[in-house]
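Participant: Using the working numbering, you'd call the opening residue of the sequence shown number 463 and step up by one each time.
Some clues are possibly wrong.
What the hints assert, rightly or not - Derived Cβ-Cβ restraints for the label pairs, each shown as a range:
1. 558 with 525: 55 to 61 angstroms
2. 497 with 473: 23 to 29 angstroms
3. 526 with 490: 53 to 59 angstroms
As the list claims (entries may be wrong) - Listed below are the simulated DMTMM-like cross-link pairs for lysine to aspartate or glutamate, each with C-alpha atoms no more than 25 angstroms apart in a straight line:
4. 514 with 495
5. 514 with 468
6. 505 with 490
7. 514 with 561
8. 504 with 491
9. 514 with 564
10. 514 with 477
11. 504 with 527
12. 505 with 491
13. 514 with 469
14. 505 with 516
In short, the hints are calculated from the structure, not lab data.
Ideal Cβ positions, reconstructed from N, Cα and C, are used throughout, including at glycine.
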Amino acid sequence: MTNDADELMQLRLLDDFLDGEDVEPDLDDLQAEIAQAQLAVKKANLRAIRAKLDAGADARVVPIDRARLRAQLRQAMSGDADLRLTLAARGNDDHDIDDLIDDLAELDNETGDRPA
């Protein structure tokens, strides 16, 4: 019943406002409600971020031997013309090479064929 009474009061205030009667909106209350809503959203975002971090807490850090993987990549690029063309299409700057090294490290970790 309280919600119905609150809604009725809000409708009456709105009606009075639209009719032009002397109704002073309480700006401080409105600003406080907006601040509360913003805080609630920020807290929800923080909880979501913490949940993601907690979900990944069991993940282990895998060391990457970048020099070894870079050498393997260079060797593969020098011996295979098709691979060179494929990599040239992808790009050859340091960021692309690092991305490829990360991919190789991920594959190494998944297959477990080679030591890190």
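Participant: For every hint, state whether the structure bears it out.
Facilitator: Hints versus structure:
Against the hinted window of 55 to 61 angstroms, the Cβ-Cβ separation of residue 558 and residue 525 comes to about 22 angstroms, which falls outside the hint. Between residue 497 and residue 473 the CB atoms are about 25 angstroms apart, so this pair conforms to the stated range of 23 to 29 angstroms. At roughly 56 angstroms, the beta carbons of residue 526 and residue 490 sit within the given window of 53 to 59 angstroms. Of the supplied pair hints, the one linking residue 514 and residue 495 is violated, its CA atoms being roughly 29 angstroms apart against a limit of 25 angstroms.
For the proposed pair residue 514 and residue 468, the alpha carbon gap of about 39 angstroms is over 25 angstroms, so the pair is violated. With a C-alpha separation of about 22 angstroms, the suggested pair residue 505 and residue 490 falls inside the 25 angstroms cut-off, and the hint holds. At most 25 angstroms may separate the alpha-carbon atoms for a hinted pair to count; residue 514 and residue 561 meet this at roughly 23 angstroms. In summary, the hint linking residue 504 to residue 491 is supported, as the alpha carbons are separated by about 20 angstroms, within the 25 angstroms threshold.
Restraint check for residue 514 and residue 564: satisfied, since their Cα atoms lie roughly 22 angstroms apart, inside the 25 angstroms limit. Distance hint between residue 514 and residue 477 is unfulfilled; the C-alpha atoms sit about 46 angstroms from each other, more than 25 angstroms. Among the hinted pairs, residue 504 with residue 527 is inconsistent with the structure: their alpha-carbon atoms are about 39 angstroms apart, more than 25 angstroms. Distance check on the hinted pair: residue 505 and residue 491 sit about 21 angstroms apart at the alpha-carbon level, within 25 angstroms; holds.
This hinted pair does not check out: residue 514 and residue 469 have alpha carbons roughly 38 angstroms apart, beyond 25 angstroms. A C-alpha spacing of about 16 angstroms is found between residue 505 and residue 516, which places the hinted pair at or below 25 angstroms, so the restraint holds.
Figure legend: structure checked against the earlier numbered hints; hints not met, in rising order: 1, 4, 5, 10, 11, 13.
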